[in-house]
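So the sequence lines, in the order shown, correspond to chains A and B. First residue of the first sequence? That's 788 in the working numbering, and the numbers climb one at a time after it. First residue of the second sequence? That's -15 in the working numbering, and the numbers climb one at a time after it.
These are calculated hints, taken from the structure and not from any lab test. It cannot be assumed that every hint is accurate.
Interface residues of chain A toward chain B, partial, derived using beta-carbon atoms under 10 Å [what the hints assert, rightly or not]:
1) Gly924
2) Ile925
3) Pro926
4) Ala1086
5) Ala1227
6) His1230
7) Ile1232
8) Leu1236
9) Ser1240
10) Ile1241
11) Asn1242
12) Leu1243
13) Leu1258
With the C-beta cut set under 8 Å, the calculated list includes, among others, these residues of chain B facing chain A [stated by the list, open to error]:
14) Ala34
15) Phe36
16) Pro56
17) His57
18) Met63
19) Asn67
20) Ala69
21) Asn73
22) Tyr82
23) Gly83
24) Ala86
25) Phe110
26) Arg114
27) Arg130
28) Ile134
Here the structure is a predicted model, which is why all the values come from computation and not from measurement. We treat Cβ as the ideally placed atom computed from N, Cα and C, and that holds for glycine.
Take a look at the letters that make up each chain.
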Amino acid sequence: MRSLVAGNGFRLAVGTITVVFLGLFFLLPVIKVFAASLLDASGRNFTISNYANILSNRFFITGLANSLTIAASAAASSVLVGVPFAFCLARLPIGAKAALLALAALPLVLPSFVSAYALVLLFGRSGIVTGMLQSIGIPFESIYGAKGIVVVYALTLYPYVVLPVTAAFKAIDVSVEEAAQNLGSSRARVLRTVTLPLVLPSILAGALLVFIEALENFGVPFVLAEDQTILSVEAYKLFVGETTDNPASAGVLGVLLIGCTVAALLVQRAILSRQHYATGARRSAPLLQVSPAMRRLGAAYCWMLVAAAIVPFAAVVVISLMQFSGPVLHFGLSVDNFRQLFQRSYRPLTNTLLLATLAACGAMLIGVPLGYVVTRHRSRVSALIDVMATSPFAVAGTVLGIGLVMAYSSGFVILTGTWVIMVLAYIVRKLPFSVRSAGAILHQIDPSLEEASINLGVSPALTFWRITVPLMLGGIVGGFVLTFVTVASELSATVVLYSGPWTTMTVAMFQALEGTSPGIAAAAATVLIICTLVPVALVYRLLRRHELSML
Amino acid sequence: MAALTIDGVARSFSGVRAVDDVSISVGDGEFFTLLGPSGCGKTTLLRMVAGFCELDSGRILLGEQRIDTLPPHKRDTGMVFQNYAVFPNLTVGDNVAYGLRARKIRGEAIRERVARALKLVQLEGFAERRPHQLSGGQLQRVAIARAVIIEPKVLLLDEPLSNLDAKLRVEMRGEIRRLQKLLGITVLYVTHDQEEALAVSDRIAVMRAGRIEQIATARAIYEQPATPFVASFIGTTNLLNGRLLSRDGELVEIAFAGTAIRTSCARGAPGDAVVMSLRPEALRLLAAGEAMIPGWTTLTGTLCDIEYLGAVTRFAVALADGTQLQLMALAPPATSGAVVVAFDPRRVVVMGGPS
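This is chain B alone, in the form it adopts within the complex (with noise of 0.2 Å):
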């Protein structure tokens, strides 16, 4: 059973579809994430869910229970806002038990949990602390502590590793996934930073101008993206414009800059243009003198721009027909002038309709 459960919500804002018609089911104890442009709705979507934004239409479901038509402190969900959101007049104690004195738990149970909650976020005996003697890494893990302790249905998560410092992104983002793997609990989260949401989500949403572009596990998303959008929002890719010559069941015959590529479609009949992604790292050199690999198709140009980035190289090499394609390689290139490219042509994937 869908523990969240997003129908068909619309939202308009002076005209501009912000959300448009947008269907989620997420499962229990899964890590969902919702990743767009600034602008794609998705922190509208968020915000819908926690109570904060009204639905033009559709509902939102957490378990059966409909909760679009609740208030906003009746919904059970927990949130963890972009800019922490801790309350600056109280301790880091009284922030993490705020929660539960709403739910009127009293006495010595708030104090044992308030310390679980602490101990979780890496943050025992800061009870007493103010909010400002905090640096921002200590206010997230006291705004997620003060999320979770509530236990609620879902956990929304708006942007907040946003407002660090790159490392502390990394390693916090690390513990945040560590923590809803620990306690299982189901998380809505939101970010415009692809590398993030490909390491911590079970599946990924990618939204563009209010709608869903995809959905699906971070490695699909990545290796079969659905849309021209997905293939160069996800990483970096090769967009080719091409025309489908002809079809045998699923596979199919594409030409594209001079040559033509054999690889499986489902969609398009022959005549019709196709845009194809090929990401940089499919892509190789064949060195002077190496054999060609069975089943790969090969092209020629002239290597241009060449980008030393320690761990990998980047460089481009342009194609007789003027097209560029960009190729990441762990070691700098050998040879120089011109070239050959060689590529599996089933790590093509082909999206139908030019960009």
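Looking at chain A on its own, in the form it has when it is part of the complex (with noise of 0.2 Å):
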């Protein structure tokens, strides 16, 4: 559909910012990383020992293994909890299904390391849980290691299954179902030969994300990994330098994680290319006539799968309201953790507001104009720029941090160190989400609204503003909350790019897991947990109508 709005200034003029933006703060820094892992020593020659030396050390192999083997893990177990939810959510005659999607998108604006706190502290090694199921006699098994980070990504990461799947359960059309049993298929066989190849692609597009996000994950593995070598803590280790640092092996590292997120992404377009399906529902598929039984059965899964999720968060407050003396637990209600928490100063928790806050609001506005334009006018160049617009997803925080770092740390611009390059970093990495949730909102706007404000006489520049821009609106502020609690709780570049004055919430976080007290890392989690939801609550109703959809 051609943009009438956006005339060819308008389109011109995003394009460029959008091309110049991702070219000096995206492809840059990735292709620096690129360059170091190819670079030898002095920086000067072309080399490819540094793969050789990274793929022939038994210690970065067991990496590579451990973290594809637990992305893999994470999507597997995330579809195998998420598609039974979103089968139950769509077709079966439950109750307070509202409230039970909101709960299972929940964990998506929740930082997940924060899960995986909880369950150090439920259950690791001096875990409150462990402690009392020791003292009356029942050994409890370490959770430390790839067990316990896939249980955290499959509890963490579901909703990423649950709601493309859910959506799809709902747009299938019921008359190919009614199809298959006119013909002699029973309900089950209908189920596996009818109803979940219908659904198969939202299958692996939401285990296409729980894969890449696991992958890329931070702050879970280095919470729980103990000696598991994983690839995104090992780049940061040999980048930031626990012993000296190493930028050309850093490098290589991250070409690898780059090289398996678009490995995986090319598996699932191989896989999707070769089925093809159009519904052609016109209204949700009805729900199923099934025994009380089979109901109650049906519900208390999901409820039971929401709680274990937000159980661990809810645990944290808790956690975080209670006493220690040093790492020792006392059951009694007190404010101290958060005192020592700000002792020194508020400085982590402004800076998460005000660098979340201008994040939120250059990823708007670059990303917004960008959607519309990607959406509205079709072309050759505008399909190019949305690829480059959503390639960052595919790159881990760690890798762009990095990748920041060494093209901004010399020459004409320094901005390391500085707030500025934090969120550049943001902007870019939450880029593909406003894009695309401009351009959904867009999607629900027939362009025929804007040709009659024209037809009517109000100029292109007019109509946008009169009718494009508010009809909008409710979907911006609701993409601008949901950037603004993801940034709230980034940790991959944050913990990269921070430095000391721009501490954030999460690095205070970060720290205080290293410190003696528990009681200090759960008072800043329950902040990070505060700054999260207080703001979607507010925006809850506007983000039902347009975002839950597109998560």
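Two independent chains are provided; combine them into the complex using the hints.
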């Protein structure tokens, strides 16, 4: 559909700004990472010895295998728990579905490493539950390592499967199912041969999101991995240098991470290219008639899953309000932990609020016009820009952070150590989301509304302000808040880019994890939870209308 | 003087000629319809007049003024969209007033004209409602009020009834026609529904693959189709292949299905293959023992495929050479088996060239 509102000048300006911005703060850093991986110690000569070194090192090969296994297991377990949940939500007559869907989506805006930390507090070596179990003589297996990481991923990332698959289950043309039954298939056979294949593309899309998020996540393995090597953590360690900083090896790991993501994308596309489904459903598929027992079973499953996902966060909040003396917990309410957390300064909190606000503004300012252009004006150029704006999703935060430091720590523009570089990283990372979300809102606004306004004598520019912007506003506000909260709980790029005065809440928590008192870390986690929950709750009605469907 | 002139207009989309050298002249106060199957270019042509689609060549004039070079918001064409395009963020009243405000009309004048426009489309008292509270038919009325209130030089309607259910569609088309006559407004109307086109139009342009097949009044389109496409697209017909035997001025003799008929036709030379259209209702069965009608042609065949449709009955007669004729009568045929079909040869329309 041709855009009438966006004139040539507007499109050119938006296209240019996007290309320049992404070129400077996304492509250049990624190229720097590639370059570092292909240059020798002097930084001048081409070499592949860095790859040879890494790939012949058992330590890193294990790390690569660990990362891939964990990401794949996380995707598989998310599908395993998420698809039945989506099915119950879409097709079974259970109550309070709106609440269930909202609770299921909640982990997406909460920082996942907080959930990991809750697991440590409850079931870790000196965890509360572990202690209780041991005191009554029940041995408890360790939750550290791959097992615990996969559990946390499944519980925090399964909404990525639930949201698209629920929509897909609802979009199924029920007459196709009826045709299968009419031809003699049992309910179970219909599910296996018709329903599930039809939602497979959505399942794969969700699984891919989980895989990529799990691969790039830094916080969860940092809390739970212990002696297991995980690529995203190792890249950070190599770069920041617990021993000596090693940009070449960090670069190689960064390239490997990007490679894994791109490979996963290609596999998904290869599978999907062989199946094209367009459903002709005009309305949501009707609910299935099931026995009361089945209904109760479905409801019980759904509530147990959302509870399991949310309980860790609630536990952290409760623990943050308890008294600690050193690492020892006393059962008694207190705000001591918060006092200690903010003892030195409130800077981490104000930093988080400030940086997240700036980043959300930036992502919206670039993302909304860009989303408008790529949605309303289809052309080869706009398709290319669209791909460019979406690709930051495939680059781990740690890797982007490393690239930005490589690109802007010397030369004409030095940004390292400033808040600017952090905000730039956040905008780049959230741009795919803001472009997608603007596009999704626009898909709900018929282009003929703009045409009607112009036809009635209102110029294109004025039409944009009088018709397009008011209609998009709800979605823009929703997108702003979601960007804000996801930036507030961002850790993987932050941990590479922050500097002393620009410590954020996530970093404060990250540092507290290594300290002695779990109370302070729990307090930091609670502050983060509040920072994300309050804005989301404020605009929940808007989000329900616009965003939950495309998160 | 023509109110709207479309002069040699063409447009291609990636090599396909969507609109191919189309010229139309719409008279002042005329209800002119573009009719054709989907993809024939009728909507593209309408959007060219509104300014939402650029021309590769040709001109469009409103009265004396050339408009294809103007931006769409300066053209003074009121458009009614297929999906209504009622602004969901504005009340009904603000929707209708939208075009007036763009024309810097303010205050009491707006209120008065909006009330009058809403009354015109039978939506009195709806000004404060929000669009989501309205039914499809009501939204359609809002869209029409919003377009006519600016007193456009031409009112453009793009399949305005296709989203309504069958009964409402018939009601609304009558209302659109009533409104058009009341306001004396020039209308360019796009539809793929031939019955709708016949019912409302002063003149119809039948389009196919970007070209105009015929421009004529509703009656002429049906009774004197210019091409086999027009004959079969409007209503149902029997398309028959024949050969021109001889010509005497306008009078021709044509051989087909083992017989020969005399009728009048301007085109074609002896020996030419021709295509003829013969409407099902022009054919009738002769009852057993019924006398021949003087001047009519008769054919013998076998009755098959009877479709009882209530008000009328359709049936087919297979001729000896395999040709199937479609017939329509008010009552189902009383006979069966071998039958005699009769028709007035003057109702045969000869179109020249095989179909």
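Okay, the hints, checked on the actual structure:
no. : hint    : in the structure
1   : Gly924  : violated, 64 Å
2   : Ile925  : violated, 59 Å
3   : Pro926  : violated, 61 Å
4   : Ala1086 : violated, 32 Å
5   : Ala1227 : violated, 17 Å
6   : His1230 : violated, 14 Å
7   : Ile1232 : holds, 9 Å
8   : Leu1236 : holds, 5 Å
9   : Ser1240 : holds, 7 Å
10  : Ile1241 : holds, 5 Å
11  : Asn1242 : holds, 4 Å
12  : Leu1243 : holds, 3 Å
13  : Leu1258 : holds, 6 Å
14  : Ala34   : holds, 6 Å
15  : Phe36   : holds, 6 Å
16  : Pro56   : holds, 5 Å
17  : His57   : holds, 5 Å
18  : Met63   : holds, 4 Å
19  : Asn67   : holds, 6 Å
20  : Ala69   : holds, 4 Å
21  : Asn73   : holds, 5 Å
22  : Tyr82   : holds, 5 Å
23  : Gly83   : holds, 3 Å
24  : Ala86   : holds, 4 Å
25  : Phe110  : violated, 18 Å
26  : Arg114  : violated, 14 Å
27  : Arg130  : holds, 7 Å
28  : Ile134  : holds, 6 Å
Violated hints, in rising order: 1, 2, 3, 4, 5, 6, 25 and 26; the structure is consistent with all others.
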